[in-house]
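**Q** For reference, the chains in residue letters:
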Amino acid sequence: MIEIKNIAKSFGGRQILAGVSGTFKQGDTSLVIGSSGTGKSVLLKCMIGLVKPDSGEVLYDGRNFLESDLNEQKAIRREMGVLFQGSALFDSKTVLENVRFPLDMLTEQAESEKLDRAHECLRRVGLEAAADRMPSEISGGMKKRVGIARAIVLNPKYLFCDEPNSGLDPLTSIKIDQLISEITDEFQITTVVITHDMNSMMEIGEKIMFLYQGEKLWEGNSTTLTQSHVPELNEFINANKLIREMEK
Amino acid sequence: MSRLGSYFIFLGTLFRNPEKFRVYVSLILNECTNIGVGSIFIVALVNSFIGAVTCVQTAYNLTNPFVPKNIIALIVRDSSILELAPTLSCIVLAGKVGSNIASELGTMRITEQIDALEVMGINSSSYLVLPKVIASVLMFPLLVIMAGFLAILGGYIAGTLAGVISSEDYVSGLRFEYKPFGVTFALIKTVVFAFLISTISAYRGYNVRGGALEVGAASTAAVTNSCVAIVAADFILTQLLLT
Ligand SMILES: Nc1ncnc2c1ncn2[C@@H]1O[C@H](COP(=O)(O)OP(=O)(O)O)[C@@H](O)[C@H]1O
Ligand SMILES: [Mg+2]
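Protein chains in written order, with the numbering used here: chain A, 315 to 562; chain B, 162 to 404.
Be aware that a few hints might be false.
[Stated by the list, open to error] Simulated crosslink set (DSS-like; lysine-lysine; CA at most 30 angstroms straight-line):
#, chain 1, residue 1, chain 2, residue 2
1, A, Lys366, A, Lys521
2, A, Lys407, A, Lys471
3, B, Lys181, A, Lys471
4, A, Lys388, A, Lys319
5, A, Lys366, A, Lys530
6, B, Lys230, A, Lys366
7, A, Lys489, A, Lys471
8, A, Lys339, A, Lys489
9, A, Lys319, A, Lys339
10, A, Lys530, A, Lys319
11, B, Lys230, B, Lys340
12, A, Lys407, B, Lys340
13, B, Lys181, A, Lys407
14, A, Lys428, B, Lys230
15, A, Lys388, B, Lys181
16, A, Lys471, A, Lys530
17, A, Lys366, A, Lys471
18, A, Lys407, A, Lys319
If you are wondering where the hints come from, they were derived from the structure by calculation, not from laboratory data.
Chain A extracted, bound-state conformation:
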């Protein structure tokens, strides 16, 4: 379980996050939704320690991440997997090398063990055949899959995905969402997914948090989503529906 308490962050006097709190449960795929520029990525970066919040706490199963010393932080980081918005694959390495990179850097496993594990993860995301290709030679959806394989290679307890379906067609989006949700169930991971995709919300939204201009305005799930009385949320959903209809 991950708990965040009153996370606030400003950049150069502009407040981006105004005290966001919430909990993310183990085995759940929790969504953080909101339109572009509301601070979803900044919230995620605060949680994983890439951005230092001005105030607030992040607790990983009770361990205070931001207050920990360097070794404790490293230990918690080893339990995290992150899928970045642009996949963030190392473009000088092959798909397989990308997936085994965390093993190479952070474990003392034998060569064959590492290879087995990397292949196993690639198989899990359905990309064994692409093991020797370079990131520049594969499609956006495949990159996301490789990103997922790399994120889960160390058996993370916590998985973070920043807009896993940005830039993908609707069908590929759904497949990526399902993959994330399946992996979460299978390995009982605490998963946080940032998205503004309506399909994802209906499809995998076991728990949804709505951010609006740096504040949490609503919390619920895919069934209560459309019955809220929060005008900003309804506006957001309607705009999304409109886009979805236009796509059809």
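Following the hints, position chain B with the ligands against chain A.
**A** Frame of chain A, contents of chain B with the ligands only:
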């Protein structure tokens, strides 16, 4: 001024809790190939021609019949070793290696590859930058030794082909009043330039914010800042070591 401060802070992060040593070995070898082998051609080309031009031009300017011909070779030798080979090669390398380092790191920054390293708990600045700095400091002196040699050779070929100096005069000029410290001086300069180019360019690339446009700007800034640093350091080192 604040940029200078953050540059020094950046230098500090390169050495704070680095990764295991064996991680670096293969990275450094890789960068040596990139930086060293990849730059041989351009450095060789520029220096051979600069040597040739220096020789012919010096001959053209020395019209006084009382000045012995072998002075031409001596001038080519000293200007090549002391200034042309180290400084000019490093200016060329600032354009090639510096812009390459800045754009590579800048691209890694904007595509979140650096963030990906950081969340794994890897010190991204030392993992990415240190091998480039070490490889530059190792390879630049080798390139400059080759450069000095080729400049003198270029001068010889051009001078004898153009008929401005005989090969005996050229060789005797090369050996006249030769001071080995010149070579040491050139290598000291080169090591300093290599450190400046690689760290300044890495600093520029590593701290890119934004998109592709900013990566291009960082790459340009890396080259111009490196060149300024080179000529400034050249002046200071010459003052310190040759006077
Ligand atoms: N490092 C930064 N420095 C300054 N401003 C930033 C930084 N990161 C994000 N921002 C600003 O914070 C706001 C929220 O960004 P972000 O969290 O990326 O939005 P989104 O919800 O679309 O993910 C944006 O206006 C962005 O310009
Ligand atoms: Mg975002």
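**Q** State for each hint whether it applies.
**A** Evaluated hints:
Proposed proximity of Lys366 of chain A and Lys521 of chain A is supported: the alpha carbons are some 26 angstroms apart, at most 30 angstroms. Under the criterion of a C-alpha separation no larger than 30 angstroms, the hint pairing Lys407 of chain A with Lys471 of chain A is consistent with the structure, at around 26 angstroms. Distance check on the hinted pair: Lys181 of chain B and Lys471 of chain A sit about 25 angstroms apart at the alpha-carbon level, within 30 angstroms; holds. Pair hint Lys388 of chain A plus Lys319 of chain A holds up; C-alpha atoms about 21 angstroms apart against a cutoff of 30 angstroms.
For the suggested pair Lys366 of chain A and Lys530 of chain A, the alpha carbons sit about 19 angstroms apart, so the restraint of at most 30 angstroms is met. Taken as a hint, the Lys230 of chain B and Lys366 of chain A pair is broken in the structure, with Cα atoms around 69 angstroms apart against an allowance of 30 angstroms. Distance check on the hinted pair: Lys489 of chain A and Lys471 of chain A sit about 22 angstroms apart at the alpha-carbon level, within 30 angstroms; holds. Simply put, Lys339 of chain A and Lys489 of chain A have alpha-carbon atoms about 23 angstroms apart, close enough for the 30 angstroms limit, and the pair holds.
This hinted pair checks out: Lys319 of chain A and Lys339 of chain A have alpha carbons roughly 15 angstroms apart, not beyond 30 angstroms. Taking the CA atoms of Lys530 of chain A and Lys319 of chain A, the gap is near 12 angstroms; set against the 30 angstroms cutoff, the hint holds. Between Lys230 of chain B and Lys340 of chain B the alpha-carbon distance is near 20 angstroms, which keeps this suggested pair within the 30 angstroms criterion. Taken as a hint, the Lys407 of chain A and Lys340 of chain B pair is broken in the structure, with Cα atoms around 48 angstroms apart against an allowance of 30 angstroms.
Of the pairs offered as hints, the one joining Lys181 of chain B and Lys407 of chain A holds, with about 20 angstroms between alpha carbons and a cut-off of 30 angstroms not exceeded. Distance restraint check for Lys428 of chain A and Lys230 of chain B: the Cα-Cα separation of roughly 68 angstroms exceeds the 30 angstroms cut-off, and the hinted pair is therefore not satisfied. At most 30 angstroms may separate the alpha-carbon atoms for a hinted pair to count; Lys388 of chain A and Lys181 of chain B meet this at roughly 15 angstroms. Distance restraint check for Lys471 of chain A and Lys530 of chain A: the Cα-Cα separation of roughly 25 angstroms lies within the 30 angstroms cut-off, and the hinted pair is therefore satisfied.
With a C-alpha separation of about 22 angstroms, the suggested pairing of Lys366 of chain A with Lys471 of chain A holds against the 30 angstroms cut-off. The suggested pairing of Lys407 of chain A with Lys319 of chain A is violated, with an alpha-carbon distance near 38 angstroms, which exceeds 30 angstroms.
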